[in-house]
Amino acid sequence: MTTFQVPTLAQMTAEGKTPEVLFWVGCAGSFDDRAKKITKAMAKILHHTGISYAVLGTEEGCTGDPAKRAGNEFLFQMQAMMNIQVLNGYEVKHIVTTCPHCFNTLKNEYPELGGNYHVEHHSQFLNRLLKEGRLKIEGGSFKGKKITFHDPCYLGRANDEYEAPRALLEKLDVSLKEMRRCKQNGLCCGAGGAQMFKEAEKGTAEINHVRADEAMETGAEIVVAGCPFCNTMLTDGVKNREKEDQVQVLDLAEMIALAEDL
Amino acid sequence: MTYLPNILFIATLATAVAVFAKKVGRIRENIGLGKDTDRSDRSSDRLQNMLRVAFGQSKMQARPVAGALHFIVYVSFLIINIEVLEIIVDGIFGTHRAFAPFLGKAYGPIISAFEVLAVLTVIAVLIFWWRRNVSKLDRFHKPEMKGWAFTDANNILYIELVLMFAFLNMNALEANFADAHHSFLISQYIAPLWSGASEWGLHFVERLFWWLHILGIFAFLNYLPYSKHFHIILAFPNTYYANLEAKGRFENNAAVTKEVALMMDPTADPFAAPAPDAGAPVERFGAKDANDLSWANLLNAYTCTECGRCTSECPANLTGKKLSPRKIMMDTRDRIEEIGTNIAANGSFVDDGKSLLGDYITNEELWACTSCNACVQACPVDIDPLNIIMKLRNFATMEESSAPGALNAMMTNVENNGAPWPFNQMDRGNWINE
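First to last, the protein sequences are chains R and X.
Heads up, the first sequence is in my numbering, so the first residue is 1 and it goes up one at a time.
Heads up, the second sequence is in my numbering, so the first residue is 1001 and it goes up one at a time.
Hints in this document: simulated from the structure, not taken from any laboratory.
Each hint should be verified, as a subset may be incorrect.
Cut-off 27 angstroms, straight-line C-alpha distance, at most; resulting in silico cross-link-like pairs (DSSO-like, lysine-lysine) [as the list claims (entries may be wrong)]:
hint	chain 1	residue 1	chain 2	residue 2
1	X	K1258	R	K183
2	R	K198	X	K1322
3	R	K183	X	K1059
Take the sequences, apply the hints, and build the full model.
Spelled out as structure tokens, the structure:
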């Protein structure tokens, strides 16, 4: 249980307040037990910075990303229109999300349907707060720790953002070891394109096992991800090699929350 | 009689150009079978992208060895074309080395530089041949590379070798002429091989290589449109018309937008008579066949040179799944060719009972894609296989309901409770108090 109140946009609006940013939690962040920890870490950081934020709570719905990638343009646009009605109803201007899939869809696919917002992935948002001096990070417990960063496809290749997560990690004084395939050439975790929700086709290996192996080959003690789905896939990959005692899979938000002892 | 070679040459040149133009016209028509998509915006960005990616080969260099070798062959091709221009001028006017008087002292060094490029090209081509046939790079030996695709790739290498051989020998022979004006950097070392020949023989064989070189080029020109090697031309328009938006942005289907807007409009009359313009046949959602794709997709398909960088980066292919982005492009090209041939033979398309999805690309391939954009990133000429995959998925899901069962379950959840899992919408905020 969070020790502080997470305000919903409905409450804030009722009180006549307008938050600076809407924290878009996403389906994984709302329902998946592992991803909920990422959501809470992000909420803690937001609370810690004293920034005025809100969540949609029960008024949020799937952005439609998995439906669109599964070919169901109809369902995607239904979801988009419903969300856009809610967001525009509240006159939302600025959104931050911990899910690169939500980020990509809100940022790139909603404008044409009438949803125009300034959308940031949490790595970009937190990096900006750092630059503006509104968030301070000390190396803390991660100083010198060997870590590697897995680029989520929908943050990296899809939106050309490779630096924001690395800039955050640099602030934590970790020793970042890049994988052979990283940045533009990063290997997918295997969850994108709605693969998260189905069994993989017949092959010789599981994508997430291969990727987790690549991450562990760097000798990293912590594999950092910036996506709840990558997180699940990599965690599963680490377990496949029975390395879960030696190697942790953490989100950027969790890294910062832990470093700051939030 | 003295004009016979000129006439012969002009006739050959005209035939070569005409046959080439006709075939290119056919390909143009085939590309035109695709649906319209607007790529007329941002012309200066497009030009820049073309200059950087096609002319400047920026994405080729992601793999330094292949990138460097390819760069040599590419530069050599561009520059040696100046020599070809001279050959054409000589052929038409019956001159010999028509550019020499204009270039004066610079002519020797310029042709010598071409010769250096020619030798580098021979070396590069031999290494390419080695990689394909001896060390057998994995990406050249995927299932889709069997048969014609493999033969075609080697043919190109052999043609390039023959052209370079003819070019160097032509120059070498000239060095032995009694009234030799020219001796060039590389060919002077080949020259002694021909030193025993009579003056008449030298001139005869020099002409032979001259004709071999130019006929080789004409043959090459006309081989291009039947080959993966057509990329040397289409790489330019293809990068110009490439998608410049963020790779994660998948286009929204406007027809669906209209339907959804109607559904969500509380004032819409469900019993309204169809609008007067509703007589037109309903367009299919997504793509079932190659001509349901956009012209940009089809241009992509004709541009593909089957290098396989996409496939070698594809997470599905890397883990042994059947999906290969290169095969998606090759299938699209083969199918639109088939449709084009069908139309040419019958006046209009006669149903042949086949379609891109099903007969060329299987569901197993289609559903293995993670939409990670690795293939799009890897392509040195900005081809987008993912866009085709998504259009095929649109058709499979919206028209045929043939998505894998687990995905149908996921979509039912999104539809019913706004999340891909069967959780209650009202529990979305529960994490706050957990």
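Evaluated hints:
no.: 1; hint: X:K1258 x R:K183; verdict: 38 angstroms, violated
no.: 2; hint: R:K198 x X:K1322; verdict: 17 angstroms, holds
no.: 3; hint: R:K183 x X:K1059; verdict: 15 angstroms, holds
Consistency note: the structure conflicts with earlier hint 1 alone.
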